[in-house]
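Asks: Model the full assembly from the supplied sequences, consistent with the hints where possible.
Quick note: the sequence shown uses our numbering, first residue 9, plus one each step.
Any given hint could be a false lead.
[To be verified] Cβ pair distances, simulated, as ranges:
#, residue 1, residue 2, range
1, Pro-224, Thr-89, 23 to 31 Å
2, Ser-100, Arg-160, 38 to 46 Å
3, Ala-263, Glu-134, 37 to 45 Å
4, Ala-94, Asp-21, 41 to 49 Å
Hints listed in this document are in silico derivations from the structure and should not be mistaken for laboratory results.
Everything numeric in this text was worked out from a predicted model, so none of it was measured.
Just so it is clear, CB atoms sit at the ideal spot from N, CA and C, and this is done for glycine as well.
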Amino acid sequence: MQSFDFLPAATPDSAVVFASPHSGRNYPSEFLAASALDPILLRSSEDAYVDRFLRAAPAAGASVLLGGVPRAYVDYNRAATELDPALIAGVSARGLNPRISSGLGVIPRVVAGGRAIYRGKITQAEADLRLRLYWHPYHEKLAEIMAAQRARHGRAILLDMHSMPRDAVSMNGQHTALRPDIVLGDRFGASAHSPITEAVAAVFTAAGLRVARNSPFAGAYITQRHGMPSSGQHAIQIEIDRGLYLDERHVCPNASFDSFQRLMDGIVRDLAAIGRSDAVPLAAE
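Replies: In structure tokens:
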């Protein structure tokens, strides 16, 4: 298995970088054998097929970084230190961390719905191996890409693509009629300057999608680590409602997938255009 899949821009004229850390669906056979869950339940934590929505990016001048292994195996959107003592033998608890407590550390203990992945614990050596082979190379590559964008364009804009269960927003108290299709997370301005987030929101709105900001998802580890707007490096987490394109129960494309794919092709091209110097001026940052 690869730690990541990098798709370079055909002509790198955009400062935008797309990432999809949770769309990996290559499950190691030994992991499947050790799991208490069947393959469909294991896939419930995936951002299934989000990688396909980025197919237009390289031709539009933006590179793409995809996670190489599934989220249930290694979560690239957690810190390497977020190790779960309830899963990994020999790890001691270190204060209150709600992600770890809920089983969603860097090596997840559960998938969606709180369903336990394993029948028992795994060794710390196994956890360390996964981080060394997959987590660290992914983040090193992402840091390298962002540095190259800053050197080339004077800034870098990371659009970190994810998907959210349809009921995630309902559970957050949003009225069904006003439920957002897209949630943008810029950590309340800490990971990206407002004009860039507003430009991203405008692209989705122009495509007919409802957009919310920072609720219920404000951005996690990737935006925290790679978003440094004071240094010209911006990161925005983008959550897409899975109900727009996915049969969530069976983790497969639904009847609307192809039409939504075409919509996303245009959106991705317009998002890549934000990274050109004449779209959102450097002075606005």
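Asks: Work down the list of hints and note, for each, if the structure agrees.
Replies: Hint check results:
no.	hint	result
1	Pro-224 / Thr-89: 23 to 31 Å	holds (24 Å)
2	Ser-100 / Arg-160: 38 to 46 Å	holds (44 Å)
3	Ala-263 / Glu-134: 37 to 45 Å	holds (40 Å)
4	Ala-94 / Asp-21: 41 to 49 Å	holds (48 Å)
Comparing the model with each earlier hint shows no violations; every hint is respected.
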